[in-house]
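*Asks:* All chains should be modelled from the sequences, with the hints used to inform the complete structure.
These protein sequence lines map, in sequence, to chains A and B.
Per the working numbering, residue 1 is the first one in the first sequence, and the count goes up by one each step.
Per the working numbering, residue 378 is the first one in the second sequence, and the count goes up by one each step.
Note that these hints are calculated values from the structure, not bench results.
Bear in mind that the values here come from a model prediction, so they are computed numbers and not experimental data.
Errors might be hidden in some of the hints.
Estimated spans, in silico, between C-beta atoms of each pair [stated by the list, open to error]:
#1 A:162 x B:452: 24 to 34 Å
#2 A:342 x B:534: 53 to 63 Å
#3 B:470 x A:375: 42 to 52 Å
#4 A:56 x B:615: 44 to 54 Å
#5 A:131 x B:472: 28 to 38 Å
#6 B:615 x A:363: 45 to 55 Å
#7 A:319 x B:541: 45 to 55 Å
#8 A:341 x B:535: 51 to 61 Å
#9 B:541 x A:28: 28 to 38 Å
Virtual Cβ for every residue (Gly too), placed ideally from N, Cα, C.
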Amino acid sequence: MGNPATSIDVSAGHDGRALVKLAGLWSIQGELPEPEAAAAQVVETGPSEVRFDTSGIDRWDSGLLIFLIRFEHLLAEHGIPSERAGLPEGVRGMLHLAEAVPEREGARGQAVELTPLASLGVHAKAVGHGATATLEFVGSCVLAFVSLAAGKARFRTSDLFLFMQEAGAEALPIVTLISFLVGTILAFVGAVQLEQFGAEIYVANLVGIAMVREMGAMMTGIVMAGRTGASYAAQLGSMKVNQEIDALSTMGIDPLEFLVLPRMIALALMMPLLCLYSDLVGILGGVAVGVVGLDLSARTYYEYTKWAVGVDDLVGGILKASVYGILIALFGCLRGMQSGNSSSAVGEATTRAVVSSIVAIIVACGIFAVVFYVLGI
Amino acid sequence: MSLASDPVRAVRDEKGTPVLDENVRITVRDLTMAFGDFVVMRDLNFTVRRGDVFIIMGGSGCGKSTLLRHMIGLLEPAKGEIFYGNESFTMASPEKREELLRRFGVLYQTGGLWSSMTLAENVALPLAEFTDLKPAQIEEIASLKLSLVGLAGFEDYYPSQISGGMQKRAGLARAMALDPDILFFDEPSAGLDPISSRLLDELILELQASLGATIVVVTHELASIFTIGSNSVYLDVDTRMATAFGNPRELRQAHPDPKVRRFLNRGAESEEAGHVQEK
Numbered sequence: 001m002g003n004p005a006t007s008i009d010v011s012a013g014h015d016g017r018a019l020v021k022l023a024g025l026w027s028i029q030g031e032l033p034e035p036e037a038a039a040a041q042v043v044e045t046g047p048s049e050v051r052f053d054t055s056g057i058d059r060w061d062s063g064l065l066i067f068l069i070r071f072e073h074l075l076a077e078h079g080i081p082s083e084r085a086g087l088p089e090g091v092r093g094m095l096h097l098a099e100a101v102p103e104r105e106g107a108r109g110q111a112v113e114l115t116p117l118a119s120l121g122v123h124a125k126a127v128g129h130g131a132t133a134t135l136e137f138v139g140s141c142v143l144a145f146v147s148l149a150a151g152k153a154r155f156r157t158s159d160l161f162l163f164m165q166e167a168g169a170e171a172l173p174i175v176t177l178i179s180f181l182v183g184t185i186l187a188f189v190g191a192v193q194l195e196q197f198g199a200e201i202y203v204a205n206l207v208g209i210a211m212v213r214e215m216g217a218m219m220t221g222i223v224m225a226g227r228t229g230a231s232y233a234a235q236l237g238s239m240k241v242n243q244e245i246d247a248l249s250t251m252g253i254d255p256l257e258f259l260v261l262p263r264m265i266a267l268a269l270m271m272p273l274l275c276l277y278s279d280l281v282g283i284l285g286g287v288a289v290g291v292v293g294l295d296l297s298a299r300t301y302y303e304y305t306k307w308a309v310g311v312d313d314l315v316g317g318i319l320k321a322s323v324y325g326i327l328i329a330l331f332g333c334l335r336g337m338q339s340g341n342s343s344s345a346v347g348e349a350t351t352r353a354v355v356s357s358i359v360a361i362i363v364a365c366g367i368f369a370v371v372f373y374v375l376g377i
Numbered sequence: 378m379s380l381a382s383d384p385v386r387a388v389r390d391e392k393g394t395p396v397l398d399e400n401v402r403i404t405v406r407d408l409t410m411a412f413g414d415f416v417v418m419r420d421l422n423f424t425v426r427r428g429d430v431f432i433i434m435g436g437s438g439c440g441k442s443t444l445l446r447h448m449i450g451l452l453e454p455a456k457g458e459i460f461y462g463n464e465s466f467t468m469a470s471p472e473k474r475e476e477l478l479r480r481f482g483v484l485y486q487t488g489g490l491w492s493s494m495t496l497a498e499n500v501a502l503p504l505a506e507f508t509d510l511k512p513a514q515i516e517e518i519a520s521l522k523l524s525l526v527g528l529a530g531f532e533d534y535y536p537s538q539i540s541g542g543m544q545k546r547a548g549l550a551r552a553m554a555l556d557p558d559i560l561f562f563d564e565p566s567a568g569l570d571p572i573s574s575r576l577l578d579e580l581i582l583e584l585q586a587s588l589g590a591t592i593v594v595v596t597h598e599l600a601s602i603f604t605i606g607s608n609s610v611y612l613d614v615d616t617r618m619a620t621a622f623g624n625p626r627e628l629r630q631a632h633p634d635p636k637v638r639r640f641l642n643r644g645a646e647s648e649e650a651g652h653v654q655e656k
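*Replies:* Right, dumping it as structure tokens:
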């Protein structure tokens, strides 16, 4: 572009005043000189005042302003005042505006750097608050269920059916895909090991038991956490931003009853059904691998699966799925209700909903494993 | 019964003498509002009388909307109490509070319409929840309320399909669903063009006249303040206290605090009051 170079020229005047000549292009688009060197030069001459000559300036914008603000600040530290008469009128106006309202005291104090120990403390306190909030929410949900049982809870049954459709029928395609693939993966992993003993047929047992006892419930849970839990958090979060939740409260309608109850009921009812379906599709995935890859007959596969999978396995899996469903709805709604009042807060609420529900599912799965082991199921 | 909800103690004049005034609808007593350690406003004392259009005004960030949120129970006071008639709202049992809430209508700054429901469903929900009317009657009432705010024919629209001004009016229709005694408006003209804003003001006045409702408005729109306000409180952001009470038109001319006069004259002193358009 051939920019005229930015230049600073400091000269000492006869009257004890320093003259700073600024010339060239002073723009944030180009390169900006640092004011320290020029300020040091001025201080060296020890003037009573600084004047500016800006007749050589080609073009200026905020670049010149930040230079001048820091330059004047540096000089002020040495008690040298500056005479702004030589500056372009626009620059004087802008500097005046910038100084018109003094910085509010304490406004900058917001972003205090914490020592590692202090930030550990802050986080620990936050975890404590989070746990209390979660417990409070669970308690309120229980109360809402109590008033539901007493026939006093207020929500629209049409909402409930809508949520059941969303969390049930509309989730079938993704649950089908994931479960089928999990079934085939289990079958392949099992086949590679079992082939060494010529026991390929036990792939049927492996896939059947794994799907029905663990994977059906867990995969459905994780899919639903990402799908429905996230959507609950986003729905409630944006309702909060839009003051819709306030509108319910001031109307004397408990948002917990009106918004959270139908979502929880829908998911708690739909999860066991989805889990059952997922078990079936997963086993079909195993069948596909057995028939196509291992030359087993579908009939034999069916017999072995029937022999391996007991009713208590099935009931255990479905029980887990109901618990996961309640956990997903609980955390989805909790994070949504806790959401702040901005679009980024809604995004954060959604993320936290998914993370919390998946963690809760895994923890619950571990607890179930221990309990089932102890009970010998 | 707690001392505070004792009707005789509830309303007192400045000297502490009990006053039983039929016309006092809302009493705010020694209200201090705070978020944690940060005090938003302290020691607020004022009353709203029956049929008032009461303006809560003040500069940006002074706590106008926060005060409104305290008055409708969305925030709890750090100190002090709010009474409706002679009943304490702050100390009320959940059942009592719900009953009091049902006598309010609130229009939120963003409208606060339930976005998953049509306008008719929005207005119908409180009716369906709190009355024993037949569905057909509820539908009729919902249509009536929508036509009162000039939205006849928009029953099946969703909030996202209509303009901001229409959302405000639909929010007003919903606020009026249960024929409340007291209507609260949070920044009714925020985000509206001057004409819609003026139409909304006229609507508020008409409703006030025909319903005889008491209206509390949070706003900093001077045009609205002078058009609709019959009484007001001015919240001062610097001292964090209420510094002026009374009819805004009179305050503009005669209030001793220059800050209040400057606010009501758009920063100019009261000599230039003539420039501010007055109805």
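*Asks:* Compare the structure with each hint and give your call.
*Replies:* How the hints compare with the structure:
For the pair residue 162 of chain A and residue 452 of chain B, the supplied restraint of 24 to 34 Å holds, since their beta-carbon distance comes to about 32 Å. For residue 342 of chain A paired with residue 534 of chain B, a C-beta distance near 27 Å fails the hint of 53 to 63 Å. Between residue 470 of chain B and residue 375 of chain A the C-beta distance comes to about 45 Å, which sits within the given range of 42 to 52 Å. Between residue 56 of chain A and residue 615 of chain B, the C-beta spacing of about 46 Å keeps the proposed range 44 to 54 Å intact.
Checking the proposed 28 to 38 Å range against residue 131 of chain A and residue 472 of chain B shows it holds: the Cβ atoms sit about 30 Å from each other. Between residue 615 of chain B and residue 363 of chain A the Cβ separation comes to about 52 Å, which falls inside the hinted range of 45 to 55 Å. The given range of 45 to 55 Å is respected by residue 319 of chain A and residue 541 of chain B, whose C-beta atoms sit roughly 50 Å from each other. Separated by about 22 Å at the C-beta atoms, residue 341 of chain A and residue 535 of chain B break the suggested range of 51 to 61 Å.
Distance hint check: the CB atoms of residue 541 of chain B and residue 28 of chain A are about 36 Å apart, consistent with the given range 28 to 38 Å.
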